[in-house]
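**Q** Going down the list, the sequences are from chains A and L. Just so it is clear: in the first sequence, position 182 is 181 by numbering that gives the first Met the number 0, and no numbers are missing. Just so it is clear: in the second sequence, position 217 is 216 by numbering that gives the first Met the number 0, and no numbers are missing.
To be clear, the hints were calculated from the coordinates, so they are not data collected in a lab. Do not take every clue at face value.
Note: identical chains are not told apart, hence a pair may lie in one copy or across any two.
To be verified - Listed below are the simulated DSSO-like cross-link pairs for lysine-lysine, each with C-alpha atoms no more than 30 Å apart in a straight line:
no.	residue 1	residue 2
1	LYS173	LYS141
2	LYS141	LYS101
3	LYS61	LYS173
4	LYS141	LYS61
5	LYS173	LYS101
The chain contents come next:
Protein chains: 2
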Amino acid sequence: MRDAYHEELDSISDDLVEMARLVGSAIGRATTAMLDADLQLAENVIAADARVDELQHELEAKAIELLARQQPVATDLRVVVTSLRMSADLERSGDLAQHVAKQARLRYPESPVPRDLQATLLEMGQLAQRLMAKAAEVIITKDIDLALQLEQDDDEMDLLHRTLFQHLIDERWKHGIETAVDVTLLGRYYERFADHAVSVAKRVVYLVTGEHADAIQAVGPVEGS
Amino acid sequence: MRDAYHEELDSISDDLVEMARLVGSAIGRATTAMLDADLQLAENVIAADARVDELQHELEAKAIELLARQQPVATDLRVVVTSLRMSADLERSGDLAQHVAKQARLRYPESPVPRDLQATLLEMGQLAQRLMAKAAEVIITKDIDLALQLEQDDDEMDLLHRTLFQHLIDERWKHGIETAVDVTLLGRYYERFADHAVSVAKRVVYLVTGEHADAIQAVGPVEGS
């Protein structure tokens, strides 16, 4: 019984890792589609999100079946409930990658991003992808130090986001309002994507330590974990 | 045993309704704070969100205890899992109301919204509040027809959102980029708030009918429910 149980739990964890892998790849490809004004790539990203949604539904069904049949308690129960929450974070990240791709599609054959902001948005896209890759690694390894690193990476995202806004409100801005609106929304999508990756990592910290990540952050890295 | 179980389930439902009431009130007050440049009211909304977060933690703790002690199956299990998801929607709605209030605080003593857009944003704020009031009513009554109404209300929000964008990209826009950025973000916050209210209602539909709301919408209202 316990073996079947752990197999099911592993299968849920595998789904989470696969979702993280898919949405990490999606944000990378959406960024490329946006910067290169590549319509075909944008369409691919938009279509591929269906698989992420499907995985979330499968994961939810598995979790409910596991709760009903195995009736886990204590830590095991918390693992299942937390997995449901992580899957919601990952599903939403997929939506955000899709939003970036839709913005690329909307402005095709132009890029929604003017040349002088392409470097900043490329950095945001790459950072978002790295954050999600680390979140996947945290799910697999349950490495608390790595999980806490994600919050620092997120500070870097906040910095890039602020740089973006400074460009926008600079009086020398010459790209007009529509582009300002596009860039504002794109900046928001990357920021939220990063938030969800951090949230996934924090939930793993909570599972492993029983403490919220913020509390651990405040007293420095966890010893011997 | 079943009595204790149903009492706990009712308590979870009460928490959801209370969360919906709080965030509905928060979006209404945040809208007023934003339009009137009322710093005190904005600060109140920002501080009050802590109670919503607290309720979510309480709800999660209750749900996990209920799963562990009562080990519900089938529909009852689905109710608990869905309640967890609804609480996440409501918690996030609270964040979005807080974002509106923070934008009001950031631009104080000015309003972030120029006079000619105040009517549109007032409508968005009122609609958001009505949507959340209806979502609370759907949680209490499990009224499927009312739940399906929320999707129509959401179409109205999309329309208001489009009106807002048309103002922004109108060549006669004279409020500058910073205001355009503010209005873009505010529009996004209301749109997402409405999405979460609709999501809560859809989850109730799924619980009651076992079918996703979209499928029901496609074939018209449910008979005799």
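**Q** Against this structure, judge whether each hint is valid.
**A** So, going through the hints one by one against the coordinates:
{"no.": "1", "hint": "LYS173 <-> LYS141", "in the structure": "neither (47 Å within a copy, 52 Å between copies)"}
{"no.": "2", "hint": "LYS141 <-> LYS101", "in the structure": "neither (34 Å within a copy, 35 Å between copies)"}
{"no.": "3", "hint": "LYS61 <-> LYS173", "in the structure": "neither (52 Å within a copy, 54 Å between copies)"}
{"no.": "4", "hint": "LYS141 <-> LYS61", "in the structure": "both (21 Å within a copy, 26 Å between copies)"}
{"no.": "5", "hint": "LYS173 <-> LYS101", "in the structure": "both (24 Å within a copy, 28 Å between copies)"}
Checked against the numbered hints above, the structure breaks hints 1, 2 and 3 and satisfies the rest.
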